[in-house]
Amino acid sequence: MYVYDTIDQQILNERVRQYRGQTARFLAGEMSASEFLPLRLQNGLYIQRLAPMLRVSVPYGMLSSSQLRMLAHISRKYDKGYAHVSTRQNVQFNWPQLEQVPDILAELATVEMHAIQTSGNCIRNVTTDQFAGVAPDEIEDPRPWCEIIRQWSTFHPEFAFLPRKFKIAVCGSELDRAATAFHDIGLELVRGGDGEVDFKVFVGGGLGRTPVIGTLIRERLPREHLLTYLEAILRIYNLHGRRDNKYKARIKILVRAMGAERFRDAVEAEWARLRGGPSTLTEDAIARTRAFFTAPDYERMDTLAEETALRAQVSADPAFATWLQHNVVAHRQPGYAIVNLSLKATGFAPGDITDTQMDALADLADRYSYGEIRTTHEQNVVLADVRKRDLFAVWQRARELAMATPNIGHLTDIICCPGGDYCALANAKSIPVAEAIQRRFDDLDYLYDVGQIDLNISGCMNACGHHHVGNIGILGVDKKGREYYQVSLGGNAGKDASIGEILGPSFTAEEVPAVIETLLETYVELRGDEESFLETFRRVGLSPFKERAYASVN
Amino acid sequence: MQALIRNGQIVGNDWTVLTELAADAALPAGRVLLPLTAWEARRDGLAGRAPLGVWLDSAEDPARIAQDLARLDVVAINFPVFSDGRGYSSARRLREQYRFQGELRAVGDVLRDQLFYLKRCGFNSFALRQDQDPAACLEAFGDFSETYQAAVDQPLPLFRRRG
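Chains A and B, in that order, are what the protein sequence lines are. Position 477 of the first sequence, counted from 1, bears residue number 477 in our numbering, the numbering being contiguous throughout. For any residue, its number in our numbering is found by taking its place in the second sequence, counting from 1, and adding 554.
By construction, these hints were calculated from the structure, which means they are not laboratory data.
Partner residues aside, some chain A positions facing chain B, computed with beta carbon under 7 Å: (1) Ile7; (2) Ile11; (3) Glu14; (4) Pro38; (5) Leu39; (6) Gln151; (7) Trp152; (8) His156; (9) Glu158; (10) Phe161; (11) Leu162; (12) Arg235; (13) Asn238; (14) Arg273; (15) Pro278; (16) Ser279.
We put the beta carbon where it would ideally sit given N, CA and C, even for glycine.
With the hints as extra help, turn the sequences into a complete structure.
Encoded structure:
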């Protein structure tokens, strides 16, 4: 992974000093709350329902074991002994003191971490595939490009006060595991004729109040022009995005208002002036960044013998076999596997991770996965380079840590925002709804029969829980002071992206688990051979689900 | 007198922003920054007058004065509220696209914590909001000793300068 040089470290240290000064001036009454607001937001600090929330950046989901230990330490020293993995691969602390944030940042800086631009109307943490560099379906590792974008966007002087927040994702594989279509800019790596990669550029995707699938505005952007093209898009948005209404300020609204053609023309005209300028990437700069993301020194081994040993463990322990089947995926290197560790154990808020789990996970990574951990936008964690013969040991330890629930990609692997229990924006609680669903569907065999399905829950229309792109989406709404839940079906975050269709009138929290059960029963009855929930829904449409769901609650 | 920082020095403000100028009103004597519409209406009649200055509001496109820049001593860009970031892009266009060489001034809600970015985008003078402490504001230009991106103050991105 990327390692800071003295310049990166110096910039970060100066940032800590700057933010310490800003906090001191605010606390001394030299700066108003409204002036401090964007400064603290650009540093990831929200004022929440019960306490401030600090969102720490995890650039494109990569963590070293020493960074993870630092997060565990911070959760103990400044918080309540746990943290939360967000749907943008970041890590959130729910109980820090505003006065202590500069000290937290100083500690984070010692392990090359920070909270820069994790909130506010600026360019946010760039996200990507959690299997980058190890996925068999990868065209090219997206992480060097993410790092190039990270550096370019960090303290970008022109784009610190955009009309609204701005999110960029990079996809480097056949399957899109980063919800690229739902970002302000989505970049897809494509293989060029010369064997090198270029970008497909999408703009104006997003969730929130107005879910939109990104529009393709450039079929092919030669890689060296990445930054000048991004700069052109951002400048057009900065100058012309709406600033009179925050709900209409995202770039998707501008693209829609101008029309994709006119928007593209404006970007291309701006780009014509920037193209070939100093921000054009050099081969040296690309090579330097790529050099940080080379494959680890994989061991040579007799892969057949390893496979045989693994099969023996599988037949000796059915629980291990189940976990292996559902939580471990293929690696491109023979003899290795990718391990998904589930943060979706029933009884724990989805994405929450305790200090003990973080420390133990860091130890596991050091021992079995080259000291690296990844966070996922589905709010789980990944050990990306585990030797197959070590899988059993990893599973045993993960099971002790309650991180081995074999539910990856299944109904109870719920994406869920913090909701009304924490968030000041929420209309409704989301965590208790997730838990009620997890409790109702505690029969793994039933879940496996239902197959792969994404269930996403947001506590309000800001859509942090990505409900629009859940195969089943649940949105908390407030009706005259009472919490209700609107259900949508058919959303999908992959390359064949779709936005969920609303089933109908919303339900009470108590009704939700039974409604989900009815929806699943309907699917099981209607499905064809090997047909997933999403495929069945796309074939039969909303009506049969709707009829059954409302018949069951009336 | 309102404090002004120009080229890193605290000086007195020597230009007055005319917030509006009626079509039939006489142009006041002295150093005045004209609203864009007033400039557009009168620019042909102002031959020989010097020095000249114009101010743009945050939504006004600097392309409208692109042909006039050689005549203008000062161009000011207004920040109606500090969080309106359009002026940063307008400044870069003025400097990098239209090659404006004169004084580029930030006026309006100009606060200490925006100064570093404003300078990077090409502003070289800053009419501070009344409550700002000019000496403390000077420190803000030193918030960072290195930057990643190319901008007006540093035309080469860090990746072209790394050893």
